[in-house]
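Since the structure of chain A is already known, use the hints to place chain B on it.
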Amino acid sequence: MIEIESARVSFSLGAGEEHVVLKNLSLSVKEGQTVSIIGSNGAGKSTLLNAIAGTVPLRAGIICIDGVDCTRQAEWERARYVGRVRQNPLAGTAGAMTILDNLALASRKGPRRLKIATPPVIARRMAEEVAQLGMGLESRLHENVSRLSGGQRQALTLLMAVISKPAVLLLDEHTAALDPANAEKVSALTKRFIQEFGLTALIVTHDMSRALSEADRIVMMHDGEIIADLSGEEKTSMTVAGLVDLFRKARGRDYAEDRDLLR
Amino acid sequence: MIEGILVEGLIYGILALGVFISFRILDFPDLTVEGSFPAGAAGGAMTALVLGPKFGTGGSPLLVACILCAGLIAGGLAGFATAEIYHRLKVHPLLAGIITMTGFYSINLRILGGKPNLPLIAGNPLLDTVRSLLNGMLSPEFSLLAASMLAVLVLFGILDFFFHTEVGIAMGALGDNENSVIQAGINPVRLRTLGIILANALAGLAGAIAASYQGFADVNFGQGVVASGLATVMLGELVIRSQYIGVQLARVFIGSILFKALMYAARSWGYLAGITPNDLRLITALLIIGSIALSKVGRKSS
Numbered sequence: 000m001i002e003i004e005s006a007r008v009s010f011s012l013g014a015g016e017e018h019v020v021l022k023n024l025s026l027s028v029k030e031g032q033t034v035s036i037i038g039s040n041g042a043g044k045s046t047l048l049n050a051i052a053g054t055v056p057l058r059a060g061i062i063c064i065d066g067v068d069c070t071r072q073a074e075w076e077r078a079r080y081v082g083r084v085r086q087n088p089l090a091g092t093a094g095a096m097t098i099l100d101n102l103a104l105a106s107r108k109g110p111r112r113l114k115i116a117t118p119p120v121i122a123r124r125m126a127e128e129v130a131q132l133g134m135g136l137e138s139r140l141h142e143n144v145s146r147l148s149g150g151q152r153q154a155l156t157l158l159m160a161v162i163s164k165p166a167v168l169l170l171d172e173h174t175a176a177l178d179p180a181n182a183e184k185v186s187a188l189t190k191r192f193i194q195e196f197g198l199t200a201l202i203v204t205h206d207m208s209r210a211l212s213e214a215d216r217i218v219m220m221h222d223g224e225i226i227a228d229l230s231g232e233e234k235t236s237m238t239v240a241g242l243v244d245l246f247r248k249a250r251g252r253d254y255a256e257d258r259d260l261l262r
Numbered sequence: 000m001i002e003g004i005l006v007e008g009l010i011y012g013i014l015a016l017g018v019f020i021s022f023r024i025l026d027f028p029d030l031t032v033e034g035s036f037p038a039g040a041a042g043g044a045m046t047a048l049v050l051g052p053k054f055g056t057g058g059s060p061l062l063v064a065c066i067l068c069a070g071l072i073a074g075g076l077a078g079f080a081t082a083e084i085y086h087r088l089k090v091h092p093l094l095a096g097i098i099t100m101t102g103f104y105s106i107n108l109r110i111l112g113g114k115p116n117l118p119l120i121a122g123n124p125l126l127d128t129v130r131s132l133l134n135g136m137l138s139p140e141f142s143l144l145a146a147s148m149l150a151v152l153v154l155f156g157i158l159d160f161f162f163h164t165e166v167g168i169a170m171g172a173l174g175d176n177e178n179s180v181i182q183a184g185i186n187p188v189r190l191r192t193l194g195i196i197l198a199n200a201l202a203g204l205a206g207a208i209a210a211s212y213q214g215f216a217d218v219n220f221g222q223g224v225v226a227s228g229l230a231t232v233m234l235g236e237l238v239i240r241s242q243y244i245g246v247q248l249a250r251v252f253i254g255s256i257l258f259k260a261l262m263y264a265a266r267s268w269g270y271l272a273g274i275t276p277n278d279l280r281l282i283t284a285l286l287i288i289g290s291i292a293l294s295k296v297g298r299k300s301s
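Going down the list, the sequences are from chains A and B.
Using numbering that gives the first Met the number 0, the first residue of the first sequence is number 0, and each one after it goes up by one.
Using numbering that gives the first Met the number 0, the first residue of the second sequence is number 0, and each one after it goes up by one.
The following block holds chain A by itself, in its conformation from the complex:
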């Protein structure tokens, strides 16, 4: 469960001027809900995820996760209950370390102990976990992650993000850098993990049809604000063309290239 109340994020431009990226944004996401966040570039989608993860600080407002106010917590503290996958497949894993070491690192959140990290018991468990990806990685546990393909590496990153069953899963265009076949695979895995673990998920995407098919709810952003919030019947009856129309209406202006803006 996530509750965001009047969140404001801005960057100082000097001379007292500031660039506001999130304008008093409020959003409440129920437990187990999957929310797609769409909008044009610069709408503040990634900033919203950054604010939830603690990568950027709030100038004002409150963020609660599972009823705990985490507004002042550092990114690493929130990571104990927030899982995250970024667009860049290199971002979430340590390339010069083995698949097993990476999984062992992610499978426990919080302080480390002076105990051997990957005894046979853990190695067997991790082999089972990684077998779920269906990529044959279970036989390559002792290979360095840098030798994996982009799709394999992103699938591993996804597994590392969900392996501890976080309260919130944040996905920031996590299939955008992959080729279509791999994007399809990682999307399917994402869907499966979210259902299996009953995760609460926020997915930033530019893929309208995927946003419609995979989420329970669609949030449209523009200029740091939520301009549309569709769920239930409203969402079920929505089409890609309808989303573009909605975007145009909500802005009250005529964008010639709306489709491109949303893409």
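Treat the hints with care, as some may be off.
The calculated label-pair distances, taken between Cβ atoms and stated as ranges, are [claimed, not checked]:
1) A:A59 with B:R189: 46 to 52 Å
2) B:G245 with A:D222: 52 to 58 Å
3) A:I121 with B:G245: 50 to 56 Å
4) A:D65 with B:G156: 41 to 47 Å
Derived contacts from chain B toward chain A, CB cut-off under 8 Å, selection only [to be verified]:
5) G3
6) H163
7) T164
8) E165
9) I168
10) A172
11) S241
12) Q242
13) V246
14) Q247
A few chain B residues facing chain A, derived, Cβ under 10 Å [to be verified]:
15) Y104
16) L158
17) F161
18) G167
19) L173
20) Q182
21) R189
It is worth saying that the hints were derived from the structure and are not from the lab.
A quick note: this is a predicted structure, and the numbers were derived from the prediction, not measured.
We treat Cβ as the ideally placed atom computed from N, Cα and C, and that holds for glycine.
Okay, now just chain B, sitting in the frame of chain A:
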């Protein structure tokens, strides 16, 4: 001669381990060792001077432990200073190291009682202890070699274990991709601080042992140790390639022995090519350049 090279190689290999941990594992270009190595030397020598009379002559394992601890602590403190400067002031690692190294020059002079040099004339507890323990079994030179091999083996065992623990794995990941550590819910600042302390504590330990081996501590002990440490690490990497941490730790010592052998050769027979001891630093620099260039060529061809 050969045992001298081996002993020196092993002792300075401990220093190079510190350089390896900061430069390679933490990806933190740390110049602090130029301050932490002499700090360990000064701390160890001063401990020997002050506590020596209480233990009497002939050495004592307990006194040796005190000397080694003094080296570890003095070096670790220098590392802690660098980590704090880096994290709190958010400056470049090189600058943080330079600041600590500069400050520790004066601190080391203070430890040495205001003098730039402290000879261990009254007694050299570390060497005395080693000799008395192995007396009759081995000649003095070889007892030193046996002791340093044993010390390095113990140290290797501890570090190899450490880098297989949860903390050690996280430390490796930190230098590789800080984000992966943050995502695991670990405080990266605390982890990096721990790593920098560890690296410099090892440099301090090497300093304490080196001072005993040379028979004196000098405030200028640290000059050039970053470069020689780096050359050592790179030589090792050139000779043995491996992704396994155990091999990576062991090859630091192989690199160190090679480096000492090369330096010995340059000192002994360099005159044939017109090389004087004044040229050793230049040779070190060229060695680093050569190692980097060779490793680049090797990577392209593989």
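Going down the list of hints, with the structure as the test:
no.: 1; hint: A:A59 with B:R189: 46 to 52 Å; result: violated (29 Å)
no.: 2; hint: B:G245 with A:D222: 52 to 58 Å; result: holds (55 Å)
no.: 3; hint: A:I121 with B:G245: 50 to 56 Å; result: violated (19 Å)
no.: 4; hint: A:D65 with B:G156: 41 to 47 Å; result: holds (44 Å)
no.: 5; hint: G3; result: violated (36 Å)
no.: 6; hint: H163; result: holds (5 Å)
no.: 7; hint: T164; result: holds (5 Å)
no.: 8; hint: E165; result: holds (4 Å)
no.: 9; hint: I168; result: holds (4 Å)
no.: 10; hint: A172; result: holds (4 Å)
no.: 11; hint: S241; result: violated (12 Å)
no.: 12; hint: Q242; result: holds (6 Å)
no.: 13; hint: V246; result: violated (14 Å)
no.: 14; hint: Q247; result: violated (11 Å)
no.: 15; hint: Y104; result: violated (35 Å)
no.: 16; hint: L158; result: violated (13 Å)
no.: 17; hint: F161; result: holds (8 Å)
no.: 18; hint: G167; result: holds (7 Å)
no.: 19; hint: L173; result: holds (8 Å)
no.: 20; hint: Q182; result: holds (5 Å)
no.: 21; hint: R189; result: holds (9 Å)
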